[in-house]
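> Work out the full structure, taking the sequences as your base and the hints as a guide.
Each chain, written out:
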Amino acid sequence: MTSAIAVKCVTGKKSNLAKEALLEMYRRMVMIRKFEETVYDVYSRGTMPGLAHLYTGMEAVAVGVCSNLKATDNITSTHRGHGHLLAKGGKPNRMFAELLGKAAGYNRGKGGSMHIVDMSLGILGANGIVAGGMGIGAGAALSAKVLHEDRVSVIFFGDGALNEGLFYETANMASLWKLPVVYVMENNTYGEYTSTERSTAGNGPDRAEAMKIPAVSVDGNDILAVYEAARWAIDQARAGKGPGFIECHTYRWRGHHMGDQGDTYGYRSQAEIETWMKKDPIPRFGHQLQTENLIDAAGLAAIDDEVQKLITEAVEFAKEAPYPDPSEIYEHVYP
Amino acid sequence: MSTLERIGTIREAINEALHEEMQRDPTVILMGEDVGLAGGVFKVTDGLLKAFGPERVFDTPIAEAGIVGLAVGAAMTGLRPIAEIMFCDFTTLASDQIVNQAAKLPYMTAGQTKVPMVVRTAMGAGRRAAAQHSQSLQAWYCHIPGLKVVMPSTPADAKGLLISAIRDDSPVVFMEDKMMYNQKGPIPNGDYTIPLGKVRVHREGRHAVVICTSSMLYPTLEAAETLSKAGIEVMVIDPRTLSPLDTEPLIQAAKEMGHVLIVDEGYRSFGVTAEIAARIQEDAFDYLDEPVRRLGALDVPVPFAPSLEDLTIPNAAQIVELVKEMLA
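Protein chains in written order, with the working numbering: chain A, -18 to 316; chain B, 19 to 346.
Honestly, the hints are just simulated from the structure, not real lab data. Computed from a prediction, not measured in an experiment: that's the story for all the values here.
Below are the DMTMM-like pairs computed for lysine to aspartate or glutamate, each with C-alpha atoms no more than 20 Å apart in a straight line:
| id | chain 1 | residue 1 | chain 2 | residue 2 |
| --- | --- | --- | --- | --- |
| 1 | B | K132 | A | E309 |
| 2 | B | K132 | A | E312 |
| 3 | A | K126 | B | D77 |
| 4 | B | K132 | A | D99 |
| 5 | A | K159 | B | E73 |
| 6 | B | K342 | B | E308 |
| 7 | B | K202 | B | E23 |
| 8 | A | K159 | B | E51 |
| 9 | A | K126 | B | D43 |
| 10 | A | K72 | A | E297 |
| 11 | B | K273 | B | E251 |
Facing chain A, according to a computed beta carbon distance under 10 Å, are these residues of chain B, among others:
| id | residue |
| --- | --- |
| 12 | T45 |
| 13 | M49 |
| 14 | F76 |
| 15 | M94 |
| 16 | Q130 |
| 17 | D187 |
| 18 | S188 |
We put the beta carbon where it would ideally sit given N, CA and C, even for glycine.
Below is the structure:
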């Protein structure tokens, strides 16, 4: 068996990804998939309150980007944030507890699916406001610059957020002041129930380049393509050259949220969903790893089993955890 | 006047607070439209760029949501940003950042993050600037749990409250009446702080209490002088911090005086005067000789013509008349 894969960067420079790193990337993708499909299952049984926006099908983006980050780097996430959090090291048990509104959750049940934060991992939060992470992420990059700290901010956002004004206000400053920001646009084809085609004049990379932010567009279901694009942007941000922009073309298999199933909103066809499911990023990467002789089918199955066990335990932990005590209601309004 | 203070304007007091806090704490930064090179549209931030450099004083683009948005992220990750929004009317452009991000994050994250930032903004009518440069939107921000709202009325309070606001771990909306920047008074030297959430009694009284905010202090004090000559002694209290409100001394004063007037330059409807009146009537009802009275801005967009604009702002004559009516 070999021990690495040589991947070509957008700059043409080659780098070697070690076997351990590659297998961990695969494992994280599987973790996100199993986490989200478990959320789907638990939600469908009526045992989860509120809303959930699933990341299924988009795993290569979060993992491809976050595999380049240090623990001290920051990310901001979106309403569809479970994948980003897991990719940055979030713990499935505390995440699941938060989804169920339990005191053992990351936010002690005060945030839920759209607001999970782990400051110790540099996760500045999922956000319920579309483009909500734009200010926070650029602000974290500003503090890194002022305090001379080696921290890059990755801002994950969807194609829908591309049309929010806050992107332009903050990206302009990030570019002007050469802040260490990496914009990761997840173009999953739809903003809620409206296609990017119907919502967006032009495209993300062109808009970024108008603000002198270099931009690339990659196949978001190809984890190594995402990894390399992110490496380029993160490296240049870390080197003080300012922000970069990556558009990742991908697709969410599930609806905008759990209430968007089947033909409820009639905005996409089953045939389209099935076409994208055939481009599943996980077996695609698994196949690559096997082709390169880094692992065999039994090895991949073992990863699958290990992660399944972890997720099952996370759900059990969450289900058994207590709800927050009513006495906590006024805690944390003010520090 | 002691040698421990000097006479100066509110503008100078705020400028001094900013200088001293930036000197004391390297994590304090200042950002906003024209706050650096130009020294601020009201010249409040004059000299700070020269003293602390472009690494800590940022002339931003005209992008209010972006300014406050960056401040929120910076505050979560080690800085204490002071974001100036030139006119309080423009905070509406940044209200998502103030209301949905800054105010919510400490609570939603169960205290995992703090958002220690100050939004300084100029409010108030009287400058012939019409409806989009004259509002007093304090009630908007008082309505949101997680925010603190501070409105100084004197140079000493401006300095002491601003220093406390900068050191506070919550997001603070610090509202400066633009017509008061030249108001003079003593400014204590050095490290002078006033705890947020504490009223200041400006005048003791016997017959009625007038609770007034920000620039409304001055017509109130003028009215109190006039009334005193007529034998009516009114107590004058400035809450200074509207949220969280130091309710207890207001209740106590209401109980002792039995007659209460509240004066605030925000709109009268659903405003600060309404909230304070409600609290007093809830807790001091049996002690009141009559309903709590209120004076606020007229419920109209602030008009341009001086003859119209002046009608919208409470004045000393109205206060005198109303207090006499209350005691009649």
